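K.L.:
Residue numbers (the working numbering), protein chains in the order written: chain A, 1 to 304; chain B, 1 to 442.
It is worth saying that the hints were derived from the structure and are not from the lab. The model shown is predicted, which means the values in this text are computed figures rather than measured ones. Please note: incorrect hints may appear among the correct ones.
[Stated by the list, open to error] Reference listing, derived: stretches of chain A covered by chain B, where coverage requires no fewer than 3 residues with Cβ under 8 angstroms from a Cβ of chain B: (1) 43-50; (2) 53-63; (3) 72-83; (4) 97-104; (5) 231-241; (6) 281-287.
All residues carry an ideal CB built from backbone N, CA and C; glycine is no exception.
So the chains spell out like this:
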Amino acid sequence: MDYFAQQLINGLVLGSIYGLIAIGYTMVYGIVGMINFAHGDIFMIGGFIALISFLVLVSLGITAVPIVLLLVVLVAMATTALYGWTVERIAYRPLRHSFRLAPMLSAIGMSFVLSNFSQVAQGARVKPVPPIITGGYTLFEQDGFVVRLSNIQIIVVVTTVVLLAVFSWMVTRTRLGRDMRACEQDQTMAALLGVDVDRTISMTFVIGAALAAVAGMMYLLYYGVVDFYMGFVAGIKAFTAAVLGGIGSLPGAMLGGLAIGLIETLWSAYFSSEYKDVAAFSILIIVLIFMPTGLLGRPEVEKV
Amino acid sequence: MTDPTLPASKPKRASQLGAAFILKKSLLSAFVALVLFSLMIGIRTDAGPTGQLIHWTRFADLAIMVVLVFAGSILTELFRQWWAARHRALVLPESAKRGLFTLGRLVVPALLIFAFLVPVIFYNQRYMLDLGILVLTYVMLGWGLNIVVGLAGLLDLGYVAFYAVGAYSYALLSTTFGLSFWLCLPLAGILAAFWGMLLGFPVLRLRGDYLAIVTLAFGEIIRLVLLNWQHVTGGPNGISGIPRPSLFGIPLTAGPNGLAAHLGIPFSPTHRLVLLFYIILALALLTNWVTLRLRRLPIGRAWEALREDEIACRALGINTTTTKLTAFAIGAMFGGFAGAFFATRQGFISPESFTFQESALVLAIVVLGGMGSQLGVVLSSLALIGGFELFRGFEQFRMLAFGGAMVLLMIWRPRGLIAHREPSLFLGERTKITSDLVKEGR
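Construct the complete structure from the given sequences, taking the supplied hints into account.
P.N.:
Spelled out as structure tokens, the structure:
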């Protein structure tokens with residue numbers, strides 16, 4: 001029971017990270033109707049930017065943890081958002097009205113470019129960072145088994161909740177959110193009514209990348225490592241989360257992320273950690289077969 | 001200009017052609033590059049000797065990159081304007097068109113004759129023979145995938161799984177039971193086809209991007225199982241000592257039973273390369289021949305109809321289940337053949353050879369060649385694998401360049417190099433249809 005509780009906490013934390021990445025997938029799919037294959041690598045870039053800016057701040061003599069964290073998250077969000085914007089501008093916008101496979105392949109190409117760019121620029125070796133946020137609370141203790149909730153876990157979950165709140169406020173209450181929802185429904189009609197479609201799509205990529213940057217930074221803080229290859233697997237799992245929740249649905253993405261995080265953690269805890277990715281991918285296949293619209297998605301009506 | 005359906009036909013304003021416009025645009029690009037690269041290139045991190053992370057600055061590299069982006073941006077913009085001005089005036093005279101057409105008809109026989117003569121021409125250049133075998137392996141994989149993607153219009157991102165199934169089938173059957181390559185080749189094909197059906201069943205109802213992602217997940221599952229099922233597949237260490245192929249039971253060894261001794265010629269390791277070359281050439285041509293024949297059968301017509309419109313297919317009484325399953329199975333079978341060949345050629349296989357990058361490479365070959373075009377697959381394999389060889393010595397930049405080339409080629413020619421299709425049915429004269437008229441598969 002204690003073991004289970006501990007795994008539940010770990011799973012929720014991992015799920016929060018997946019959920020933040022999944023939002024980027026689901027938003028882009030909702031508006032442009034394509035799988036942004038490079039999104040996992042944007043997450044990886046976010047982790048790298050966070051790592052480097054952290055090192056720079058420390059070498060500049062800024063060591064107060066809250067200030068460092070705030071600055072790092074701002075720098076990572078801004079820079080990664082620019083990466084998202086650039087990727088959309090270079091690889092997707094010229095292909096917006098091309099045939100359906102073209103943006104998909106260009107996205108795969110972009111994913112290779114990003115991951116190999118960071119391999120060339122920063123080396124192939126795994127980058128370890130010392131734990132920045134330490135300490136935590138012991139929730140309860142039974143038969144010598146301690147259930148712990150560390151500070152970093154609290155920070156990850158709280159940050160995710162805050163970001164989600166801000167983000168859903170933005171989608172439902174602001175001009176930009178309204179434009180995004182309009183473009184999702186009908187791009188031509190939205191354009192006729194004065195919505196700048198290109199700008200709205202760009203902003204979607206920017207926001208998705210900023211959220212992925214936060215996810216990357218939290219991954220760095222939680223696991224203490226980044227490497228150039230982590231974007232691929234994390235990207236597929238986050239996409240699985242988006243599909244599981246129902247692609248196009250924002251609460252669905254978060255729900256799917258939590259579900260994938262829990263499944264992966266519990267599978268590693270009770271079965272074998274080697275096959276945890278197999279479990280996640282099998283879930284994807286099973287969900288798509290039996291529930292193609294996901295948990296909260298709308299069924300797609302096909303017309304001739 | 002708010003109509004999003006007409007983005008390409010934006011009228012160029014006068015200011016867009018001026019030097020000030022180009023300068024402004026390039027400065028903006030340079031600024032974006034500066035922000036993007038300042039942390040990623042300007043500062044290099046690495047694990048130091050004590051395991052702690054150290055970092056140092058590389059501002060010179062950063063400056064070079066920013067200047068490169070600036071210059072590249074100016075050149076791109078100049079080229080784009082020059083192209084726009086020139087493109088309108090480009091009208092080929094009728095005689096030149098006819099000449100090009102005749103030349104186009106000569107490409108296939110010329111390539112075929114060249115392929116047959118490669119071992120003769122390059123007999124003393126082991127490197128060229130190896131490269132030829134590699135290119136032909138990818139041509140075969142491309143032709144196999146073309147059945148699934150190009151003909152049936154089912155987007156498959158996990159094709160490498162069948163390649164892996166074929167390779168491991170042959171490796172396990174030959175090292176465990178001592179079966180020969182020629183016996184295992186059909187078995188590997190059958191096993192891969194079986195796995196193709198196994199993948200086909202669950203994904204019957206899926207389309208487009210969902211199908212792509214499920215096939216990707218399937219490919220990864222196969223790779224992870226191969227990696228972790230240690231006592232059968234050897235895990236990350238792979239399987240080594242896979243037997244080499246023989247010619248009608250005569251091994252190509254230096255001993256008294258070898259082929260060289262039988263023919264009374266001095267033994268040379270090149271003999272094996274030549275044999276491997278002709279095996280893969282035969283296998284690839286078999287794939288091509290079967291594909292071309294299948295296109296004329298009802299099943300091939302059903303595949304192409306399925307690619308164009310699934311609902312119409314069902315309305316016409318085509319059984320979409322069997323149509324999709326046969327496409328998956330036959331495509332997978334050729335992948336399995338190629339896998340068995342790969343295993344016997346390398347003599348050693350490990351899960352590292354069957355990553356997603358391989359799937360992406362084969363798919364890139366098919367799509368860059370022009371989906372459904374058999375000749376396009378050959379040309380793009382030559383271009384891509386040949387392009388990879390240019391990066392010999394700069395291995396770390398290889399995938400970077402491959403990704404960049406994929407993006408640029410998609411922007412330049414989204415429909416691939418050969419963007420027209422031969423109709424399988426025609427009235428009177430065989431006219432080529434441009435693929436802009438063909439709906440993509442769903």
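K.L.:
Now tell me, hint by hint, if it's right for this structure.
P.N.:
So, going through the hints one by one against the coordinates:
no.	hint	verdict
1	43-50	holds (count 3)
2	53-63	holds (count 4)
3	72-83	holds (count 4)
4	97-104	holds (count 8)
5	231-241	holds (count 4)
6	281-287	holds (count 4)
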